[in-house]
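**Q** Let chain S serve as the given structure and place chains X and E on it in line with the hints.
From first to last, the protein sequence lines are chains S, X and E. If you count the first sequence from 1, position 120 lands on 120 in this note's numbering, and the numbers rise without skipping. If you count the second sequence from 1, position 85 lands on 213 in this note's numbering, and the numbers rise without skipping. If you count the third sequence from 1, position 195 lands on 577 in this note's numbering, and the numbers rise without skipping.
Honestly, the hints are just simulated from the structure, not real lab data. Glycine is no exception: its CB is placed at the ideal position from the N, C-alpha and C atoms. Do not rely on the hints blindly, as some may be mistaken.
Here are some chain E residues pointing at chain X (derived, C-beta under 8 angstroms) [what the hints assert, rightly or not]:
hint	residue
1	Ser420
2	Gln430
3	Trp433
4	Leu491
5	Arg496
6	Val499
7	Ser508
8	Phe564
9	Leu607
10	Ala610
11	Phe719
12	Ser726
13	Met729
14	Ile733
DMTMM-like mimics (lysine to aspartate or glutamate), calculated; alpha carbons at most 25 angstroms apart, straight line [to be verified]:
hint	chain 1	residue 1	chain 2	residue 2
15	S	Lys70	S	Glu52
16	E	Lys642	X	Asp235
17	S	Lys55	X	Glu304
18	E	Lys642	X	Asp370
19	X	Lys372	X	Asp350
20	X	Lys267	S	Asp110
21	S	Lys105	X	Asp370
22	X	Lys219	E	Glu418
23	X	Lys237	E	Glu418
24	S	Lys105	E	Glu418
25	S	Lys105	X	Glu304
26	S	Lys115	X	Glu216
27	S	Lys55	X	Asp276
28	X	Lys196	E	Asp721
29	X	Lys328	X	Asp220
30	S	Lys115	X	Glu308
31	X	Lys328	S	Asp59
32	S	Lys83	X	Glu308
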Amino acid sequence: MTFMKQALVGFAAVLLLAPALAVAEAPKPALKIENPGQCIAPAEEMRRNHMEMLKHQRDRTMRQGIRGEKASLNECISCHASKSTGSVLGKGGFCQECHSYAAVKLDCWDCHQPKAGQKHAGVAGVKE
Amino acid sequence: MNDPQDRIDNQSRRSFVGTAAAVGAGLGVAALAPGLHLIEVSQAGTARSPGEAASNTVRWGMLIDTTKCASGCDACVKACNTENGINETIKDARQGSQWIRKIELKDPKNGREHSLPMMCQHCANPPCVDVCPTGASMKRADGIVLVDRHICIGCRYCMMACPYKARSFVHQPLTEQNPEVPRGIGCVESCTFCVHRVDKGQMPACVEACPEGAMTFGDLNDPASAIAQRLAREPSTQVRADLKLNLGVRYQGI
Amino acid sequence: MHLEQHSRLESGLFYALVAAGGLVTAIGLGAALFMEHSGHVVTGMNNQIVWGLPHVFAIFLIVAASGVLNVASIGSVFGKAMYKPRAPLSGLLALVMLAAGLMVIMLDLGRADRLVVAMTHFNPSSVFGWNVILYPGFFAIVGLYLWMLMDRKMNPYYKPAGLAAFIWRLILTTGTGSIFGFLVARQAYQSAIIAPMFIIMSFAWGLAVFMLVQRAMYGWNDLTLDPAIRQRLKNLLGTFVAAVFYFVMIYHLTNIYFAKQTAFEAFILLEGGIITWMFWGGYVLIGTLLPLFLLYHPDIWPRPLAVCAASIGVIVGAFCQLYVFIIGGQMFPLEIFPDMLVSSSFMDGQIDHYSPSMPEFLLGMGGIGLAFTATAIGVRVLKFLPQDDISKLKSADGHLLD
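Looking at chain S on its own, in the form it has when it is part of the complex:
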């Protein structure tokens, strides 16, 4: 429990401090593309529109049950997660690096698992 608490406080501190530091030093985010290949759309369009794409996808999956589409959040994570930490968050994390720079705070990670390949021990050991 205390470990959990410390971890949470630490996590919160990182979340809170990171934007401040980023603003203070203002380094351009050095985004590391972990998996060579192609994003679901040209990089320029991704930079501009990924929030809208995700929100649109979110409603399609949640409300209509449509799955297996390109703009799935889990797909972004599996492609963009850092090889060393396995996550899109944290230092050098693909999503966080950029958002810290832009001082955007997301609530997505309250629920969505930021680590790729997080295997869960479900009954049927579902693959991926």
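**A** Chains X and E in isolation, oriented as in the chain S frame:
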């Protein structure tokens, strides 16, 4: 004994017995995995192709035979917790999430006892959906009642309205979620019929884990489905039928 | 006509009070932030007692807010001259208490950060959803009404505005009561009598709050309320308190004899421990019998603090009544399998227990603090003191300037 649902049940029971004997009973449901891959296939045809929306020609439902449900057995609860990543510890158990729980019943008139799992009953007329101020409580076209946690504000009115106490509120920050089952602080959640599995053509985790095969899952609208056939043949009840909510979950033996 | 001349001492006292109120409000906000950050684990609420102490505070404030407007309504809708000078204070209190109640409810949300979602997503079938329209509407209509009342140019229109406010507040309280009335699965709330009961409760609680605030303001300005007015108001309060009691009896009797909720009623009325104590000691004794005694005993009510004490009794009783209603109603197990003996890992078939935690209490108090502070400032900066006595006072010694 020869409809597909029963085949599933037999297989899962046999594999359970086999694995349990080999590995030791304490290991729980995760040990079932190898045996159960086989049966996913038998549900083929229900998985939707990518890009296809859930349709109202389907209505997912569940039939629970309480005469097979053993008092003290909580395999379904464990399977649910594992599948949905409900693994957080919390001091006051009443603040923890219970998507499915076992209820023990005793009829004071004749002393008969029953044991059964209780979870979201996936009403056709869900009170939670009626009362939700933002429309986060929702019923998918195929009858699965869900909380859209992207617009849930955590007011808990749905929990007040649910006649089955089937909903839980997440009381603390979470970290170890199953990627396929996002869940997090400040929102209300409940049994999803394992929507992420059902959409892939798999069974809900509890159904698959039940060692007695007491739970049958399928399309209530499809007359050829095991569940529809059994409902046509055998008597069943809806809990609090007086509320006329037209439940997706039906019980036998109570 | 601002009350501009104040002695140094009086000013100092005023700022001290406002600072104290502000501090209580700030602590309440801090408590909410803490709850938001740690999650509701730090509260006594759980998945069975879903709504707790914050809701008791919030619903008191919201219901009393609509009731406190009564004084204004009697003046403008029913044309009673004595009430009209009290209308501005009544309107101010209504706005301030509603704002405070809403603040408490909002800050208790699991996702208070999603307020925008609450405003932009609207489910027309939800009573909560209707309330999202009713509350801002109340602010707008009461605000308009205050303007017409207090701006001489707009004065000719104040009557229709008063009528609109009156109707709107009846709908608003019906809406608040219906939040519970629609919970058909719960033994405590499925009664049709709840919405009208909330309306009459709002009358009593609102008037009690009004009398207290009025008394404090008069005391502050060394005024005494005209005994005739005082007698009228106290009789009205007594009538409301008696009416609430009547509704409460009907509610419990119908529950016992028609709905056959005998086990539930036995829990509330006889076996519920703290809940039973709160019902009989808090609501019946302190909230009903004591005020009625104070208000009607011919030797007692004319004494200086009798009406004040009665009003406090009514408010204490109101909190107890809401606690019994909201928390007692959830402590009693939901009947999922009627006529069966039930047990489970999640309180099925068992009476639950609830112990409110400090953050919840502080959040609720923060609402009270906000209402207090805003009223104090509003009264001093704007002309909300009942105007009949102001002019009397002015002609007497010219102490208060226009």
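**Q** List in ascending order the numbers of the hints, as given earlier, that are violated by the structure.
**A** Checked against the structure, the hints that fail are numbers 9, 10, 14, 21, 23, 29, while the rest are satisfied.
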